[in-house]
Each structure stands twice: as structure tokens, then as C-alpha cells.
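Chemist: In order, the protein sequences belong to chains A and B. Numbering-wise (our numbering), the first sequence opens with residue 197 and increments by one. Numbering-wise (our numbering), the second sequence opens with residue 884 and increments by one.
These are computed hints drawn from the structure, not numbers from a lab. Idealized CB from N, CA, C, for every residue including glycine. Incorrect hints may appear among the rest.
[Stated by the list, open to error] Now the in silico label distances, taken between C-beta atoms and shown as ranges:
no.: 1; chain 1: B; residue 1: Ile-1553; chain 2: A; residue 2: Phe-207; range: 58 to 66 Å
no.: 2; chain 1: A; residue 1: Ile-215; chain 2: B; residue 2: Thr-1293; range: 27 to 35 Å
no.: 3; chain 1: B; residue 1: Leu-1637; chain 2: A; residue 2: Ile-212; range: 41 to 49 Å
no.: 4; chain 1: B; residue 1: Val-1659; chain 2: A; residue 2: Asp-417; range: 28 to 36 Å
no.: 5; chain 1: B; residue 1: Glu-1579; chain 2: A; residue 2: Glu-382; range: 29 to 37 Å
no.: 6; chain 1: B; residue 1: Ile-1553; chain 2: A; residue 2: Ile-215; range: 37 to 45 Å
no.: 7; chain 1: B; residue 1: Ala-902; chain 2: A; residue 2: Asp-417; range: 55 to 63 Å
no.: 8; chain 1: B; residue 1: Arg-1615; chain 2: A; residue 2: Asp-292; range: 18 to 26 Å
no.: 9; chain 1: A; residue 1: Gln-374; chain 2: B; residue 2: Asn-1653; range: 36 to 44 Å
no.: 10; chain 1: A; residue 1: Ile-212; chain 2: B; residue 2: Ala-1642; range: 55 to 63 Å
no.: 11; chain 1: B; residue 1: Leu-1229; chain 2: A; residue 2: Ile-215; range: 42 to 50 Å
no.: 12; chain 1: A; residue 1: Ile-215; chain 2: B; residue 2: Val-1659; range: 17 to 25 Å
no.: 13; chain 1: B; residue 1: Glu-1579; chain 2: A; residue 2: Asp-417; range: 32 to 40 Å
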Amino acid sequence: MLKVENLRKSFFTEEIETIALNGVSFEVKEGEFVAVMGPSGCGKSTLLNILGLLDNPTGGSYSLLGQEVGGLKEKDRTMFRKGNIGFVFQSFNLIDELTVSENVELPLIYMGVKSSERKERVAKILDKMNISHRSEHFPQQLSGGQQQRVAIARALVSNPKLILADEPTGNLDSKNGQDVMNLLKELNQEGTTIIMVTHSQHDAAFATRTICLFDGKIVTDVKNRL
Amino acid sequence: MNTLNYSIRYLLKNRGNSATRIISLSLGLIVALVIISFVGLKLSYNSFFPDKERIYQVWNISPQFSLNGVNNQMVLPLAPNMANDIPQIEAATHYVDNILQINHNGNIIDVSMLNVNQDFFEVLDFGMISGDARRVLSEEGRAANEVLISKRLSDILFGKEDPLGKMIETTHENKYVVGGVFKTPPVNNTIGQFDMLCFIDYHNEEYNWTGSDLYPTYFKLREGCDIAEVEALMDEFVKRYPDYKYYVDQWQVSFSFIPIDKSMFFKTNIKQTSILLGTIGFVAMLIACLNYVLLTISSLSQRSKTIAMLRCNGAKRNDIFNMLIFETLLILFVAILLSILIIMCLSKEISEMFFDVKVLFALERIWIPAVVCVVAFLVAGLIPAVIFSSVKLHYAFRGGFENRKWWKKTLLFVQISCTTAIVIFLGTTMRQSEYVLTADHGYKYDKIMTVCIPGTTTTQLTIRDELLKQTCVEDVGISLGYPVWGYSGNPIYDSQWNLLFSCRWEIADEHYIPTMQMKIVEGRNYTATDAPNKVLVNEAFVEYHGFTDSPIGKVFYKGDNGTYEIVGVVADYQMGDGWVQPIVIHPFHAYLDENRVNTFQFNIRMTDFSAENIKTIKNIIDEFYTSAWQYSFVTFNERMKDNYYHFLHLRNVVLIAALVTLIISLIGLIGYLGNEMQSRRREIAIRKVCGATVSEVIKKLSLNISLVVLPAITIGVVAAVIGGRYYLEMIRTDSNLVTSLSFWIFLAGVMLVLFIIYAVNILCFWKAANENPVEVL
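If we strip away everything but chain A, and leave its shape as in the complex, we get (with noise of 0.2 Å):
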């Protein structure tokens, strides 16, 4: 699925260079579920953006779907996360001025799919997410395990290869992060490929292998008992 070698990542704020990864190597095949852990500033979100083709590495070689991907520019960035990555974000992101359904279609607009096409897409998938009677709600009219479900159904409703996920469950009570993992597992074993940022242990638990970083680099990476 994805496969990254030595990858660098450097910020610059003046004079001072701070490194967020310094020669992180690992592969990721498709149906895994990782966790990647790790103390604040380790670099697990930095990590997670690169994966997410939402920024580019400073070094290093990354591959997605057999296709080396760390120097595509914007653009290019944009058209290859179309249909292959999904998002899931600890804050939900969902637009406030649209509608549950709308908000999950978002994805299926620049994908350039039609209407009815969509209408159907997104009505199965928040049946699946069994968010469906939620459907013409505003975000700020949900709970928060609601926006979640959204956020997933939204990540979800392009048929992604990839779905990353930064601390999906950092904002919810202990009840709906138990449903929102439980989601993610069941995706899973659907056969969708998960990467997960947590600083749970509860929640990496759900996944198939741990990877935990340390100042930019990966201290362990295990297969999870289940």
C-alpha cells in the first residue's frame, strides 16, 4: 500500500532548523490498522500529513499505491488524495453552513461524480454509520460522537484505499470514543487500510501493529495482539 524510507521532515523558523522526522522507514500493506503513538512533538502529526499528501517531505522517498509521491507538487498532491485518502481528524473539520448529507458529499463533488450518483453514495453510507435520520442537520446540531460518524462517513464515501485518522476519538467521551474505534475496526475488517494517530493505548489497541516514534524517529514498531 505504502511504503516510506528514510523520510525527513525539517521546519524553519529563522535561524533555527527543528526537525519533526529524521529517517523514518517503514511499510504499511493494504488492510493493516496502525497506530502510531508517541510523546507530544514526536512527530506523529507531521507523520500523518506526509502520509496524507497534505505536505511534503524535506527528504527521503515515499511510495503510495506504487507510486512515488514525496515531490508531487500541490496540484498533483491534490488530484492523487482524490478517491485515495480519507481524513478523519480529532476536531471532526466538518463545515459548519452545510448539512450532514453535504458535508459527507463534499468528497464526491471534486471527485466529479453526479448528482444522483452522489445522493445514493451518501445516502448508503450514513445508513452505514447510522447517522441517516441526521441527515439535513447542521454539524453544531450533533453530539459529538455524531460529528464524528460525519467526519468518518465523509472520509469514507469516496471508497478511499487509505483512511488516516489523527486522534479520531481525542474529543469524545469515553461512550462514543468506544463507537467511533469500534467503527474503525469494523472498517477494517472490511478491508479498508487505517492509520491511526492516538496517544490512547486503549485506542491503538484496535489496531493490528504499533508504531511509536521519538523525537522524529520510530523507537518500535510492533504487531498488536488481538
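Here the structure of chain A is known, so what remains is to put chain B in place on it, guided by the hints.
Modeler: Below, chain B alone, put in the same frame as chain A:
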């Protein structure tokens, strides 16, 4: 006190936002203050006269008068006889104006002198400073060559010295003795800026009831009398003077007595122009105020938490309201100071276009700028204060307000509508002002230089013939006036001496028609050897007279018992502001008189207006010129621009207003978009994460603003159609030279506004659309 403190701190901390609000408000205030004060000045004409409610101007109304059927110039005997015969009239006066040239320390000063009767100050009390006006304005004063002068002329000629008894000498070596000084006439008087008054000569040939209607006439009612009583007595009055009755009956004249403070509406378009200008000034102010409101509301998202904290800590709604009101007061105060400063810096330009800036601050009209500022404060201050103070706490903590977006879009909508309307209206005024100069007037004037040459007809013919010998001169035509001046009228009769119609009367030599390149459509031009009664007429004359077959060789009759024979018909040409009237062009050689000095205009068609050519013709004129009058060259083009100044003036005012409103609206638009960009950064980032490209993001955001822009522009177009039609109809009351609303101007105006809005929109959102979503999310 805390409120004051918070407001000042906020304004100082957010200098950029404060400066933007101050500058945009100042720009609008400058335009509004100047234009609305200008309109106020126009509407206040003659309102300074004591007892103005008892002073009336006499108008004659007749369907046979040209244009709007009104004549405001009366015959000479009317004023003294109305005062004598009608007991309700306390005093009556009239005037005729002249220009004198005074030689002062080697400089020639043009001075406007009015010939008036003894009752002038009884009716039109401009205010005397020294001297006995009744004695100077009498036979006794006239015999002693005494005049009254204005304080302004006294200061110019005599400085601080007492002018009484001092001598004034004209370039014609006429000597006048200063018998008194009157106050300098205020700018808002319809008579104009005159500087000398002398007694009118009642013993000249113009003292008759049937012609020479040159005298604007005013009277003052006795206290307690009603104008209806005078109206009721007019029939009886007219009957006492058979010549006048003949004139009144023949021309179906009725009398109208106009209160003096309404007399400036002699031309109907003055009132309409005032309405138009007032609207433009008001719109400029409205846009500036709404822009202020827009920028203030746009800052709400940043300030909402501060306001919420103030409320949590005990501030009442009133406190927030007062804080915002105080903030607006502070900004408005600085904006007013800045406006005054800029107005003072632009005083030269403003005085050329509107008025001396002192007029703006004149005590009697200071209420006008004061009202403008109060209205600006009410509009700009109240709306944000009400919105800020009515915010609900839970919304404030979340950085938003229930109706903020609705307010912002409404304000933007109004701004864009007004701007579109003004920009398109500017296009219409530009088209009209261009049209009056470039339309076919019936003559060609591009290469014509004009000069007024007083002298005997022999001298004038000699100068003409000498000029014709010069290579730089293509032709020279002598005429009594210029078409743009209009002409005095004469009654035309049939062979039974029944009045047919009134026609204009021009006197011109045989070179005039070819010089002006007027077209002869039938017959021929007269020659210098033709009999003096052989004349040219225009097409309108033929139509009015009702000739059914060729008019060539036909005769007509004029009020002086003269019989005239038509030798040619000239194609109609535009006179005055652009109207066609029947006209007779009478040969110059009918007026040859070796013993009399006449004033005629020379129309010199030149190869070009180079300094060398001007010098050549000046040398020729100087060689034969005998008058003390200092002549000057004026191109016909300049005369046309002077004549159509009101079109050009309105265009320039609209141009300034349009530029200012455009700038203000741009500031508002940038503020709005900046705020939108800030509040939608997250949304943009989410869209990008969901696969949107930069162009898709910009397209989406542009589509959002289109929902405001397109309806606003539509409303602006409708307003521009209404305004444009009103403007063109207004011109049509006084002129034939009226253009039409142009689809292309509307299209260009709309495209310009759209281009600016979307260019600014794309520039503003480009940065946001290119931001790395990682940093935002």
C-alpha cells in the same frame, strides 16, 4: 469613563482598522459636505433678503415664448408704473447689466455694473455701508456721474481709504464719482456678482412698452397685502397702457409673480439638477456610513470575546451601546477634522467647481454640514451599537453573532448597488456632455477663433478684409452674436399685420454662412450688393410661416414696419443650450453707419491656432482698432464648453462622486472579503483536504459572493436607468441636444464593477486558497 478608555484603547490597538474607517468616512464626508452644501447654497438663493416673503419677481408666461414658455425680463416702464398704479405695491425696481473696464494701476478690471432705479434698495436690500443710495440712484446722482460701489470693489480700488467722493475712470475715459458703498452681494443671489450701481436712464429709446424686454423686474408688497390682490389688478393695469395691452394680447401673455426665493427656478432644470446632485451627495455619504458599519461589524468576530467578558463582568447592554457610540463619535470627529483639512487643501479646485470654501462654513448655512455630520453619526453609529449591545453572551463567547452575516451581506449589497448605479450614471453624463459638444449643431466650429470688436462698421469691414488677405485665415464672418448665446426676438406678421410668431434675429455679413460652414438648402446667400432687406431664413422659419411652395422671393413683415425678402434658406442650426427656433439672418450691410460704434463678433476660421497665427491677426486688428475696450481671443470651442458648462459640471461632480464611492466600496469589499477569508480559513482547508483544488476553492467562494453581487448589480442597473431617464428628461426641457441611454454604457459599467469585484475577490481568496491546510486545521 471606562467606556471611553476601552474605546480609545481599541482604536489605538487596531490602528489599521481605525485608519481605514476614518479614511473611508472622510472621503464620503468630503463629497457629501461639498455637494450637499452646494445644493443647499443653490436652494438658499435670495433667502437673505429682509422681508423676502413680500418680494416678488415678475414673470411673463406665454405659449409663444421659446422653451418653457417663460420670460423673466420685462419692458422698462413696467416697474415704475406698477409701483405708481398698484397701491398694494410698496416699491418696484429693475435692472439691466453692463460690463465696464476699469483701469486700475495699469491693470484692466472687468466690473459688472447694474443700471437700477431709485427703489432698488427698498426692494432688494443688499445693505448699504455708506452714502445715500436714494440720492445717488436718482436724476441728481446721474447728473453728477455718481455711482455706488461694492465693498469688494472699494477694497480693490481704494484699500482702507474712504472711497466717498473718489473718482473711477473707465478705459473709455468715462469718469464716475463714488457716492456710496454697499455690502458685497452674497454668492447666493440670482442677480449675480455686481460691483457698481448707477441710475437707470428713463429718457432713452428703450423706454417703451412694446420691445426691449431686457429688465428683470421685482416689487415689494405693502405689509398686510396679498399677492392675489396684485394679480387681480393686472388686467386693469395693462388696459391703461394701450401699447402694452396690444403686446400682451398679441402674445397671449399672462403674469406670474414668483416669490424671490423661488426665482432661481426660472430654468426648470435647476431644481432637477439640485435634486440629482443632492441624491448623489446623499448616496456618497450613505455608502461611506454603510462602509463604516460594514468594517465595524466585520471586526465583531475579533471583539466578541472582549465584549462577552465585559458583559460577564457586569457591563450592561447600555454600556456596550455607549462604548460603540463613543467609538463612532471619536472616529467621526477625526474624520470630520480630516475632511476639513482635505477640503482646505483642495480649496482652489473646490472654488473652481463649486464655491469658495468659506461658503461651506458660513454661519447662516453651517446647519447644512452640521446636519450631514449628524446624519452620518446616526447611520454609522447606531447600527453597530445596536448590533454589538444586543449580542447574546453564548454567541459572543463562540466568536459569532446571529445576524452578522446577514448584516454584512445587506450592507455590501447596498454599497454595490449604489456604486453600480453611480458608475453607470457617470457613463450617461459623460455620453451627454460629449454629445452636446460633438453633435451636429448645424455649423462647424473647430477652427473658429472669435473676438469681439467694437467700432464703426467701416472699421469692422476694413479689419475683416485685411484679415481675409492673411494665409492663416480661411474666412472671416461678422455677426451680432453667437448661436450659443441665443438671440433676441422679433415679431413676424403677415401682410394684414396679424402676428404670426416670434423669431430670432441675427445680423451677419455675407461671409458668415461660409465661415460657419452652415448649409444653404434652398436659394442662395446674400451678397454685399444685395438690397438690405434681402435676408436668409432657416427651415424652422419657413415651417412657422407656413409657406406651402418655395419661400425664395417671398416677403414677410417685421414689427418695425419693415418688409423683408427671402433669398435663401439655411439648414436649421442649434441655438443656446440646443434648441431650434425660426431665425432671420439679416445682412450686416443694412446697418452701415459711419457715426455709430457697434459691437460685432468676428468669427475667424483659421488654418490653426498657432501663437504665430494669433499674433498675425492681432497685429492686423491692432492696426485698425480704435476702441478703448480691451479685446481678447476666445476659441469657439471654449465658448461651446462655457455654454455647456452645466453638463460638464454635472459630469465632473458625478465623476468625483463615482470615484470616491468606488474607492469606499473597494475598501468595504476588501474588509468584507478579508473577514470572510479569516472566518472561512478552516472551511477552505477542509475543502482542500476533501480534494478541492485552488481554482475550485476560489470558484466556490466567488460563487458565494455572486449571490450578493449579481442581485446588487441588477438593482444598481435599475437605479441607473431611472436616474439616467430622469437626467435626460430634465435636459430635454431646455435642449434638443439630448442623447439616449446606451446599452453599451450599461454593459461597460456593469463589466467594470464586476471586474473590480471579482479581481479583488480572487486576489483576497488566492492567499487563503493556497494556504497549507495543515497549518489551519
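Chemist: Confirm or reject each hint.
Modeler: Consistency of the hints with the structure:
1. Ile-1553/B / Phe-207/A: 58 to 66 Å: Violated, at about 31 Å.
2. Ile-215/A / Thr-1293/B: 27 to 35 Å: With Cβ atoms ~51 Å apart, the hint is violated.
3. Leu-1637/B / Ile-212/A: 41 to 49 Å: Holds, at about 47 Å.
4. Val-1659/B / Asp-417/A: 28 to 36 Å: Check passed, 31 Å falls within 28 to 36 Å.
5. Glu-1579/B / Glu-382/A: 29 to 37 Å: Since the Cβ atoms of Glu-1579/B and Glu-382/A sit about 32 Å apart, the hinted range of 29 to 37 Å holds.
6. Ile-1553/B / Ile-215/A: 37 to 45 Å: Taking Cβ atoms as reference, Ile-1553/B and Ile-215/A lie about 40 Å apart, which means the hint holds.
7. Ala-902/B / Asp-417/A: 55 to 63 Å: holds, 57 Å
8. Arg-1615/B / Asp-292/A: 18 to 26 Å: Check failed, 55 Å falls outside 18 to 26 Å.
9. Gln-374/A / Asn-1653/B: 36 to 44 Å: holds, 39 Å
10. Ile-212/A / Ala-1642/B: 55 to 63 Å: violated, 39 Å
11. Leu-1229/B / Ile-215/A: 42 to 50 Å: Between Leu-1229/B and Ile-215/A, where Cβ atoms are some 60 Å apart, the hint is violated.
12. Ile-215/A / Val-1659/B: 17 to 25 Å: Roughly 23 Å apart at Cβ, these two residues keep to the hinted range, so it holds.
13. Glu-1579/B / Asp-417/A: 32 to 40 Å: holds, 38 Å
When the structure is compared with the earlier hints, violations turn up for hints 1, 2, 8, 10, 11 and for no others.
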